Every structure is written in structure tokens, then in C-alpha cells.
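> Sequence:
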Amino acid sequence: WLNRMFGTFSFLTSSEETANIIELRRKNPELRRNDILQNLIDAEYEEQEATETSSAKTRSGSVKGIYRGRTLSSEEVIQSSTVLFVAGFETTAAALSYLTFALGKHQDVQDKVRQEVQEVLNNHGKLDYETVTRKMKYVGQVVNETMRIWPPVLTFTTRQAKEDFEYKGIKYKAGTSIMSPTLQIHRDERFFPDPLKFDPDRFSEENESSMSKIAFQPFGMGPRNCVGMRLALLEIAYTVVKMTQHFRWELGDSQLGEMPIEQYGTVSTPVRGPWIVFHKL
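In our numbering, each residue's number is its place in the sequence shown (first place is 1) plus 165.
The set of hints was computed from the structure by calculation and includes no laboratory data. Everything numeric in this text was worked out from a predicted model, so none of it was measured. Possibly wrong hints are sitting among the right ones.
In silico BS3-like pairs for lysine-lysine, Cα to Cα no more than 27 Å straight-line [as the list claims (entries may be wrong)]:
no., residue 1, residue 2
1, K445, K270
2, K407, K362
3, K300, K407
4, K277, K445
5, K300, K362
6, K270, K300
7, K378, K300
8, K327, K378
9, K277, K300
10, K327, K338
11, K407, K445
12, K192, K277
13, K378, K277
14, K302, K362
15, K445, K302
16, K277, K291
17, K302, K407
18, K362, K333
19, K291, K302
20, K277, K302
21, K378, K362
22, K270, K362
23, K407, K291
24, K291, K445
25, K270, K407
26, K277, K338
27, K302, K192
28, K302, K270
29, K445, K300
Model the full assembly from the supplied sequences, consistent with the hints where possible.
See the structure below:
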């Protein structure tokens, strides 16, 4: 219903709104806020001041080569804030939507998650980074399996060819961007047998060792993978832990069939729903 009320995220709308906010804050100092966007705006002026100072001192000959800066453009401020919003909010929200649907449909998995949460809390007494990320193994498996079937980011892993090459009869020129089709790989039966089956045990310790490590890439792969991966996993796991502590839920009557997804930009979002009925424990 939130999508119906507010619509799905729009890069264009976000960029336009951010540009308006930047302009307002520049003209009205009283609108300053203690947030990341303000830091980016301030960085623009700090970089401009450093560049101008550097130029003046170099021309005078008193100090040469100490400062090396450039202006952070308005476009870069807008791009940075949009990326932060998408990476820090939109993808995590989508992952939680898929996870809520999966646990609502598979009550046995939801019960098993709730049981593990209770056992860990009985043994450790509190929820912190250690208990959520290291002690709750099955919760981690459920999160991974959810992001395998419904990856929040569909085209994240991209590399650029450094030289011309040929692969399976197709020639690629240097400079060509190669993008990994994450959704198609995650649902390829060569890597994940019965790929549309929701089975968290794929990621158990005994089964994960036989899995192709490069085939599972919800956060990209290699040295340029998502820098926010650990935070996102913590947010998702912690949220589902708190949900299972206080609620039991099931699919509502309006939730028909599976969870279809659509792509906008590089990320995915549910086409509709999920429609969920919650019962307080």
C-alpha cells in the first residue's frame, strides 16, 4: 500500500528534489541541518575554498604544490546523495519485503527462525551485533536464500574490458562494460538445483561449501563489492529477529501467487504487495 500511496522510487524525482533542497539551503543558512546532505554541500564549498587558496598561493610563489583540490560540483552532490538513499534505504526495504513474503508463505521456516531467536536470547540474554550476525546461523541462511531468489540489486557487478577479447565466438572491444545478470544467475539450475524453491538449507555450513562462490552475488563480487554489505545484512537480520519475537504473520487473501518483481535502474521492487496479516504474540 505504500507503493500505491507514494509510488516507487524515481531517480529523476529524487535528483530534482535534492537539487531544490541544495538551492534552498545555499540561499537560506537557517535551513542548515546536521545530516549527510549538508556535509556534501559544505564539502563543495570547502573544496572550492581550498582550490582558490591553492591558486592564490601558487601565483604568489609563497607556497607551491601543497594544496591540490577541485570543486565538488552540484551534480556530484546530487549523485552522491541519491546513491546513499538508494543503497542505504531502498534496497534494504525491498529485501525486507521479500523476506516478509517468504516467511509468511513458509510457516515452517518462520517457526524455525523464531525458535532459533528464542534459544539464542535464552543463552545470551540480549540482541547485539555478535548474537545477530554470528549466533543466529539459520537467520543468516534465510536472509541469503531470500536475496538469492529475489535479489534487491539486479545489475550491480560490472567490469570494463581492458583489451579486446573473444568469448564463445563473440568479440568484445576494449572499454566494453560487462554486466553480470544477477537474477538470471541466482535462478540458474546449473548453480542452484530447483532454483525457485525457497530452501534456506542451501546455505547451511555443510551445503555452502559445495556452492559456487561466484554464483551468489547479491552484493556484487570481488574487491569492488558493496561497501554497505555488513550494515545491510545486520539491518535485515535484526529486523526479522524483532519481527519474529513479537509477531506471527501469514499471507493475506489479496496476496495471489508468487512475488513478481520489476526493475528500475539497477534495483528491484515488488510489482505488488506483499499483502500480509500480522498476529501479535
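> Would you mind marking each hint as holding or not holding in the structure?
Each hint tested on the structure:
At roughly 17 Å between alpha-carbon atoms, K445 and K270 fall within 27 Å of each other, so this suggested pair holds. With a CA separation close to 25 Å, the supplied pair K407 and K362 stays within the 27 Å bound. Simply put, K300 and K407 have alpha-carbon atoms about 15 Å apart, close enough for the 27 Å limit, and the pair holds. Straight-line distance between C-alpha atoms of K277 and K445 comes to about 18 Å, which keeps the hinted pair within the 27 Å bound.
Of the supplied pair hints, the one linking K300 and K362 holds, its CA atoms being roughly 25 Å apart against a limit of 27 Å. Restraint check for K270 and K300: satisfied, since their Cα atoms lie roughly 25 Å apart, inside the 27 Å limit. Distance hint between K378 and K300 is fulfilled; the C-alpha atoms sit about 22 Å from each other, no more than 27 Å. Between K327 and K378 the CA atoms are separated by roughly 24 Å; this keeps the pair inside 27 Å, and the hint holds.
A distance of roughly 14 Å separates the Cα atoms of K277 and K300; the hinted pair therefore holds under the 27 Å criterion. For the hint linking K327 to K338, the alpha-carbon distance of about 9 Å falls within 27 Å, and the restraint holds. Pair hint K407 plus K445 holds up; C-alpha atoms about 12 Å apart against a cutoff of 27 Å. For a cut-off of 27 Å, the pair hint linking K192 to K277 is broken: about 55 Å separates their Cα positions.
Of the supplied pair hints, the one linking K378 and K277 holds, its CA atoms being roughly 26 Å apart against a limit of 27 Å. Between K302 and K362 the alpha-carbon distance is near 20 Å, which keeps this suggested pair within the 27 Å criterion. Between K445 and K302, the direct Cα distance comes to roughly 25 Å. Compliance with the 27 Å bound is thereby established for this hinted pair. For the proposed pair K277 and K291, the alpha carbon gap of about 19 Å is at most 27 Å, so the pair holds.
Annotation: proposed proximity of K302 to K407 holds, straight-line Cα distance about 16 Å (limit 27 Å). Between K362 and K333, the direct Cα distance comes to roughly 31 Å. Violation of the 27 Å bound is thereby established for this hinted pair. About 16 Å separates the Cα atoms of K291 and K302, which keeps this hinted pair within 27 Å; it holds. Taking the CA atoms of K277 and K302, the gap is about 11 Å. The hint holds against a cut of 27 Å.
The suggested pairing of K378 with K362 holds, with an alpha-carbon distance near 19 Å, which does not exceed 27 Å. For the given pair, K270 sits about 12 Å from K362 by alpha-carbon distance, which is consistent with the 27 Å threshold. Proposed proximity of K407 and K291 is supported: the alpha carbons are some 12 Å apart, at most 27 Å. Restraint check: the Cα-Cα separation between K291 and K445 comes to about 21 Å, which is no more than 27 Å; the hinted pair holds.
Taking the CA atoms of K270 and K407, the gap is about 18 Å. The hint holds against a cut of 27 Å. For the suggested pair K277 and K338, the alpha carbons sit about 50 Å apart, so the restraint of at most 27 Å is broken. At roughly 51 Å between alpha-carbon atoms, K302 and K192 are farther apart than 27 Å, so this suggested pair is violated. For the given pair, K302 sits about 21 Å from K270 by alpha-carbon distance, which is consistent with the 27 Å threshold.
As the CA atoms of K445 and K300 are separated by approximately 25 Å, the hinted pair is consistent with the 27 Å bound.
Figure legend: structure checked against the earlier numbered hints; hints not met, in rising order: 12, 18, 26 and 27.
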